[in-house]
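Engineer: Sequence:
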Amino acid sequence: MEEGRDFLNKEAINLKILISSILDAFSFGIIIFDKDLTILEANKAAIEAIGLEKSEILGKKLPKIETAYHLELKEAINRLVNFVFSDEIVNLEEVLSILGKTAKVSRAYIFIFQEGKIKNIIEWCASGVFPHQNLQGIEIVNFTWFMEKLEKNKNIIISDVSELPQEAIKEKELFETQGVRSVLIVPIFLEQELFGFVGFDDTEKSRKWSEEDIYLLDTAAKAFAVYFKLTRLKEDLSETQRLYQTLTEQHHLRDWLLLSQKMEAVSRLARGIAYGFNNLLTVIGGYSELLLNFLPATSPLHKYILEIKNATQKANNFINQLLIISGKKIIIEVKIINLNEFILEIEKELQYLVGEGIEIKTNLTPELWFVEIDPFHFKQVILNLVKNAKEAMPKGGRIFIETANIVLEENYVPPDLGWESGEYVLLAISDTGCGMTEEIKEHIFEPFFTTKKDQPEAGLGLSIVYNIVKQHKGHITVYSEVGQGTTFKIYLPRVKEKEISK
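Heads up, the final residue of the sequence shown is numbered 502 in UniProt numbering, and it's a clean run with no missing numbers.
Hints listed in this document are in silico derivations from the structure and should not be mistaken for laboratory results.
A few of these clues could be false.
[Said to hold, decoys possible] Simulated pairs of lysine-lysine, BS3-like, Cα-Cα distance not exceeding 27 Å:
(1) Lys234 <-> Lys119
(2) Lys387 <-> Lys314
(3) Lys170 <-> Lys229
(4) Lys154 <-> Lys54
(5) Lys496 <-> Lys387
(6) Lys44 <-> Lys54
(7) Lys222 <-> Lys335
(8) Lys379 <-> Lys229
(9) Lys314 <-> Lys395
(10) Lys208 <-> Lys222
(11) Lys335 <-> Lys473
(12) Lys170 <-> Lys205
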């Protein structure tokens, strides 16, 4: 009896080996499963396509198997969204590298249309593949089949370039000169206008583009549309700044009057942009919230909608900064305080901010007059100025924080600057850093002006400081010389004793 059972077991094993060898002989994937969709067997082609070990597949339910490409796709989309909506400068070449390597293509690229011509602004190529260099400046009027599809917001999906129709003969010739075998292209639209396209191509083989490939590139096109829209807005603001900068100042004190006029003009522009974007973000945020409530937490879409919601929140924070520099009233909870006590309360936090290489020294005038401030927002003013001082001293140094009671006489303050004579509490923050040139000093409080070329968004800090001080009915000045450090002086109106008693 035992011998019979052993014989049957041996025969069953031999039969399984025979079945496996037969299945492995096929070049296409084969999966065998039972009525419950539990996988019983899979050949080599199927295992390679799924991208997992055979032991990880057998015994699993078919719908629960997630291919390695699906996992890479999720990761690529996450990184794409994080890149485009992050506060850092977007490296488009790195983004295209992620897309190209995920889809395992020969090239990934972005083209835009300018003055009726094609312009390749950025491209990633796999090892050994040449870029599309000779496509620069090609007249788009010669490629009617191609442009007709893009203008109708249709994806161009070409599995085999040699099979293009007769009406696409120009496109076929162009692709063949580039050694392209297969092409996938998705249009990029800005405000209902065709702006360009993002594409993949394969130079090694004909390729049937999968739904995942199309989804990845479509997501990229939408993300790039947002990126280019934000870039346009920043360029518009920069152009406004360049127009302002053509004005010349004739007197040092009158520079502050000119700055106030500039700030008012940019504030109106920023306010309009902020409110417009705020309306759009409210809709996006609202719908993402509804979708999160509607979908179960186990839904594969849940994670992506959460990313949209988080990106919307980041954009909201940026809009709030724009509203501050636009002059929107943000001082909410004012208190009458002694500025000396306030500085001593946050001194440890300031020292932690600058680190061990920089020493903070205070010189606080006794019996300092009281001032009325919003503690939260005024703390941001001090933190911002101390952070700027730290960045001006990369090799270490000292920061001085001083207070004093100051009386501005009527004959000291020109009336056209908007300053009023009277009693003020002075807060001065100085550093022993590199200092500033006159040119930089003239523009230091303007929105989006920054000397950090790799961080254009950094230019909001001092313009926010300026507006917070103004909303406290105060004034701010800057004194600086190259190699001699910088001093910011803030003048806050004194609160009289009768107001304190109230």
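Engineer: Are the hints correct? Go through all of them and say.
Structural biologist: Now for the hints, and whether the structure bears them out:
1. Lys234 <-> Lys119: holds, 21 Å
2. Lys387 <-> Lys314: At roughly 22 Å apart (the allowed maximum being 27 Å), Lys314 and Lys387 satisfy the hint.
3. Lys170 <-> Lys229: violated, 32 Å
4. Lys154 <-> Lys54: violated, 39 Å
5. Lys496 <-> Lys387: violated, 32 Å
6. Lys44 <-> Lys54: Roughly 9 Å between the alpha carbons, so the hint for Lys44 and Lys54 holds.
7. Lys222 <-> Lys335: violated, 47 Å
8. Lys379 <-> Lys229: Between Lys379 and Lys229 the Cα gap is close to 34 Å, so the pair fails against 27 Å, i.e. violated.
9. Lys314 <-> Lys395: violated, 32 Å
10. Lys208 <-> Lys222: holds, 23 Å
11. Lys335 <-> Lys473: holds, 14 Å
12. Lys170 <-> Lys205: holds, 21 Å
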